[in-house]
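Asks: Two chains, two separate frames, one set of hints: put the complex together.
Those protein sequence lines, which keep their order, are chains A and B. Just so it is clear: in the first sequence, position 220 is 213 by my numbering, and no numbers are missing. Just so it is clear: in the second sequence, position 135 is 142 by my numbering, and no numbers are missing.
It is possible that some hints are incorrect.
[To be verified] Derived SDA-like pairs (lysine to any residue); straight-line CA-CA distance at most 25 Å:
no., chain 1, residue 1, chain 2, residue 2
1, B, LYS220, A, TYR377
2, B, LYS220, A, VAL96
3, A, LYS77, B, ASP160
4, A, LYS85, B, ASN142
5, A, LYS73, A, VAL96
[What the hints assert, rightly or not] Negatives, chain B to chain A, calculated, CB over 12 Å:
no., residue
6, ILE12
7, GLU24
8, LEU25
9, SER105
10, PRO308
11, LYS311
12, GLU316
Simulated from the structure, these hints should not be mistaken for lab results. Only a predicted model underlies this, so the values are computations on that prediction, with no experimental measurement involved. Just so it is clear, CB atoms sit at the ideal spot from N, CA and C, and this is done for glycine as well.
As a plain string of letters, each chain reads:
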Amino acid sequence: MSLVDRGRIILDTLNPSDVQFADIRYYSSNELNIVAHKAQIEKIQSTELEGTAIRALYNGAWGFASVASHENAEVKEALKTAIKMAKFTSTKIKRKAIIDNDVAFEGKNEFKPDINPNDLSLDEKVELTRNAEKLLRLHDDRIIDSSVRYTEKVQHERIVNTNGTILMTNDLGKFSLSSTATARSGDIIQEVWDSTTTNAGLKKILDLNLEEQMTDLGARAIKLLDSVPSPSGRLNVVLDPSIVGVYIHEAFGHAAEGDDIVAGRSVLAGKIGKELAHPKVSVYDDPSIEGLFGSYKYDSEGTPTRKRVIIEDGILEGYLHDLSSAAMLGEGHSPNAAGRAADFRHMSMPRMGNTYIGNGEMTFDELLEVAKDGVYLQHSMGGYVDPTIGEFFFTSQSGFMIENGELTKPIRNSGMSGLTLEVLRNTIGVGNDLRLDAFSGHCGKSNLTGYQPMQVSGGGPHLVAKDIVVGGRK
Amino acid sequence: MTDLIGLANLGVTKGEELGATQIEVLVSSGRKKSIAIDGNSITGSQEQSNNLTQARVYIGNQLGLATSTSIREDAIISVVEKAISLAKYAPPNEHFKSLAEPSIREHQKVEGMYDYRIEELETQLVMDKVEMLINGATEVHEKANVSGKLDVDTRKTGIVNSLGISANQEYTLLFSNAWTSINLSSDNAGSSYDWAMTRNLDDDIDYHALGKKGAEAAKSQLHAKMAPSSTVPVIMDHVTTSSTLKSMIESGVSGFNVMAGTSYFSDKIGDQLSNTQLKVWDDPHIQQGINSKIYDDEGVPTTKLTLFEEGILKSYITDSYSANYLGLESSGHARNFNGTFYPTLHQMQIEGGTDNYQQMIEDMRRGVVIKNRGLIVWGESPEISVKIDQGFWVENGEIQFPLKNSMLGTNIYDFLKNISAISKDTVTEFNNKSPAIRIEDISIAGESSS
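The following block holds chain B by itself, in its conformation from the complex (with noise of 0.2 Å):
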């Protein structure tokens, strides 16, 4: 087995050698199996080995970094002559402080990340596996056409800086997808975009249930209308929920937006946003989770947080550059995105309320149900103008049809401030835990309202 440490304290100290004051270095290791299928048939299949060598260098506060495809130790040095070579050449940063330090808080130990059973999965078996998922979708309408694929992920990484961060995680990953549509005539067709992950085999996938369950979403998109513009509530369903908030939260809450000045959370810690009830927190220390880690991408140990309380904001997330120009410790939120490190969250959890969401539905008189697609927050504005996907038009407590080509206008602060209702019943998908809420007052656009 390689030694990705070692490798890694190879390149720290020829790093040192050459005069780095800070050095990182990143080394990773992984093989990947994938499985496609086009137009309800399997169609092709790949095997990769996918490694990848990082050194971030700083002489004083000037950065070099550098990036390879390669893990062989000639090319760790290079990479680090390289990253060397560049810091030597840029001017001083003098936002940065330093790489992230050895922390005061002890690494949590999280289990079931990496299932051996995973790794040697046998090809066969795998498109087996696929095959059901074809017959989940065909099996709901004889019109679905299912594509997709399914990922057999296996990585183990390891980093090392000179301040004495040493940290190694290994994942085991089965992920598939399924994009399904239904389509019954160039005007009447639905469609549906579904995935599912698992790190263990114990808690494998249900293949025939995803492919079942995109065909049946794409199937409710049937005979979809436009919605009638107009001001009314919406309700998102559990998943909706969970991955809205998450896109407006994180982005607020990242420390680099806020040391930017460009987060719509800048200097609102402990101002009331929203509902009383709600409470959100991270946690990457669940068993198994898809997101769980030990330590972020820099190798700080990672902690639970909590964000909202009574509808209070109460943190930002950091990574080392943000949480030492703002004066705080990390919060281990790391995340490295081809070389440049942004906090991001974890697994977000919403505690449930006091209402129940099929009731929600029940009450509404006219509004819009969203179910099973989060609202993408687009840039840095608080405003959001996006499309519905998967919304359903509902009157006197009964959805009447799907939506089609309907868009939905407000902002996050009235988002935020207009949460109504949060179910108590919760769904955790994906190791996110989220209730169903209901907001009072958004613009939908769609057909002229006459």
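The shape of chain A in the complex, shown without the other chains (with noise of 0.2 Å):
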């Protein structure tokens, strides 16, 4: 019998009285990561997961529970164990959440990779982590640090609900090849990354020039040595598909996560129809796109995905919704795939896929132009968002100074933080050169069963801002 059918028959037993709603996600996954270090394989690693999450609504209490274990007996005592925490928790709730029980999926999502992960032997995936590595060691005396990390993982879930939703099969995969170089001269020590990911299967890492993406990647630690320390106070900014992406993501993304409507902590909340961006400005955030590391079919509820509009033409459209945050903000609102759980040991909840902005119409060389004195910024190195104030930060690996519409001096860490209202509405020139996965890498966010990493992009065309807080040292 399969785990769908065994699930189905446990859930089955659960009177009416007993929870509004429950659903049973197995999941599996097997994960190779592979690290090169300074000419040395510094690690070879397989991890295997293997269990069953299992969440019950009652009385508008949510109550989770998590079993290493697909055997019956265990997963049957871990819902009565939902159960009874749902219980416990509905004797304290204030706020009631809600699932619409007429929505209901089925559907199945079998992994068919372009190159299938087990069509390569161990020993070539090594060579190919230890070449990539090498390649980027040996193009400079001055790489004083190099590593590059190889990950395939391959993971699966099938989920019932007493809704009725089954999901036969829903797998992921996630393939990338991330190499970081540092660059050092005396106290000058300057760290680049980049990296290449897919959902697909390994034909996107095969594919690669390795020689030519090293010599980049090496060739970029090395200018920032001759590099000047970015300046600081209120510029105009360009800013490249990478940090438009991590912008998006943070400043913006984040404040549009359902789950955040809904606790009112979000500074989108209530603004639906609101023109919050410059009219050239739309944001979309799409799953259903083949290939990219945030792409997926089916979210961890068995919520077939979609394009889902953010912004359009400056005017906020949607949120980003699981099964509870629609349903609990009623008329309007409909789940729409965002509800992403890390593992079994998750509950999920609403998450981004690939968020990105949408193209414009102007060239590289026309925003410099608008732009005329201030900074651009490539490269994202990170950052976080407080979506309750809409206050965020990220930080660039490297820019140039922009001085009477013309890029000039290389500059090195510099940060830039803004208002997400503000930022949106002081944006001046949006580029015709969409790039839709410019970022990619996991996202961080926390709920009820603690933090969990999500593979997510982020792109767009190049844009231009204006009067953006940027720091640096001068």
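Replies: Next comes the structure, spelled out in structure tokens:
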């Protein structure tokens, strides 16, 4: 009997008085990581996870339990625990969660890789990783540290719920080759990194021109040794597509997540239909695009994905919803497959997939002309946001001064801070060179079950914004 | 009770039978109960077991590493077999000399790390504690909106290696956080992130006070303005000092980073890097300490270690890999990040100086005070460009307004060199003792100066 059938039988034993809703998500994954560092293979690691996640909703309260097993007896015990926890919680709850019990999906999503990771030997994967690190290390003597990480992971979810949702299998791949180089000249230490990511299989990684990619990355690190510290103050900034990706992810995507809207801790709550951005700015999140790092067919609640329009021509159009946040906000809101969970130890919550700003019309040179004087920020280093007050920060790996509409001196270690709504309004030019996954990696967010890293991407075209706070030491 | 050392020994024996030259097996078992708060309401709760088996196998100097979420005997055998099969394929790592060896150091006893009362806490009682947190926040301001959680965590670990390391530890932990916001309008809002932890119910968290503290910090951020762009002194309160210096020092003294050549403190042992009053050490042996440890994550006994004395850099911290590379004995600072071991600090202590925190503020003509939140050092560069969270603009010895959308720029060398005052009063939070400090000549980015 399939896991899904076993799960359905277990759920069928529940009485309507036991729960408003419950689901069982069987999970398993296999992951391989290979790390080459300074001419050595420092790590070859296999990680296998197998377990079951169970949610129960009782009188507006959630209970969650997980168990590192797919065995019926243990799953039944975990279901009892989830219901018990939900019942305890219901005695204290002030704002009741709801689920639309008429929403159910059926489907099947089998992983069909473009190149199956099993078709390559471990030797070949080790050699690929080792070769990439060698190319990076040997680029220049001033590269004092270099590492390359190869990752492959395939996960399987099987989902049933009391609404009638049946997902026979929901598979997801994760493949990446990430490289880091550190160049040093005395006390000037500069770190750069880049990664190639996909969920489709190994083709994108095997098609890489490793020599060209590692040479480019090494050259970026070396160039920063001759850069100057970033200027400081309120400046006009041109952002490259990777920075735009992090910006729209951090500054806006998080604030559009349905759980934050329901809890009243987002600056976007209650602003549907309002003009929040320059009319040339549109923001989307689309996990249904094939092959990107943040793509998936169904979320961890079994809802099929689709393109989500967040801002269209400057107007806020919608949020990212799981089953519960959509039901709690009511009319005009429907689940749009944002309910994602990292693995069986975690409860799902609204998350992004591939978030990006839509294309504009201006060329890169035209954006520089609009900026006139300021800074050009390149290659995201990371960032964070406080969606409750809409203040965000991110930092770049490199950049240039813009003087009289032209790129001049290279700059290093430049961070940017801003207010979500103000920066969207201060955008004064949108480029025509959209790159969907200019940034990709893992986004972190916590809920009841703790911190959950999630594979995502972000992107957009180059854009220019005025009067942005840039932090440097000049 | 599960015999974790016995299970780990089973894995080690199996690994040796299969040809491992050296093998280390970690078996860990834990339970966690959590209550979530969202928008001033308890919304959910969870209970789960968290188990882990991890095998690190060397055949010669070829490494294989395997991990599973099961601690059944068959799963442990399977993990070891997987690690062996990977090690057979791995190219040799010339930097590897040996797994951790039994130390000449005696392990120190650390009391109060496991409280059976925490393990047995009733869910109803835990929910009452969470309600106290919500009440503490909402009593401060009617628009206070608090989200967060309370975790009740119990964990036992056993680690055995083929060189004779055999160490088991057990912990209980109550952890609670509160992410509080007060939103009066789209351009007038304040927020704060606060947390508290304890290992022992005799020293239980004051949940009401935690909620209140978060809401008061959020309230203090209302009516915020951008800082004038300028170069001014910055005062960091005790918590900010502790967190910021830990972030800077931990990366700089990391033996792994020294080995890689990326440490900004490479070749600086014995150099005067900071104020002569700066004395910093690491203490893993504080009773009931949140990060106290008898053994590090490789089973090596931990030890107190001086990092700065009179502003002079004294030592690096190491795990077995970096220690062997650098020709040192492991300092007992290995931390296991999903199978990758890096040296990290346990509980950093900073000695008080001769100044007074309040007096520092009163003496400040123009500058910034940062409270309650450390600066984050991103990446390996000594350059710092970060947003100021919970900062205040000071003029003529008085706080004028809270800061929003303002940034700080410096580099680590200048930061340490320019510490011009260290308070004699210290605060110990989560077992990290710290004074407040003042740093001169920090570049602040905010409103254009005109």
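Asks: For this structure, which hints from the list above don't hold up?
Replies: The structure conflicts with hint 2 only, although it agrees with all the remaining ones.
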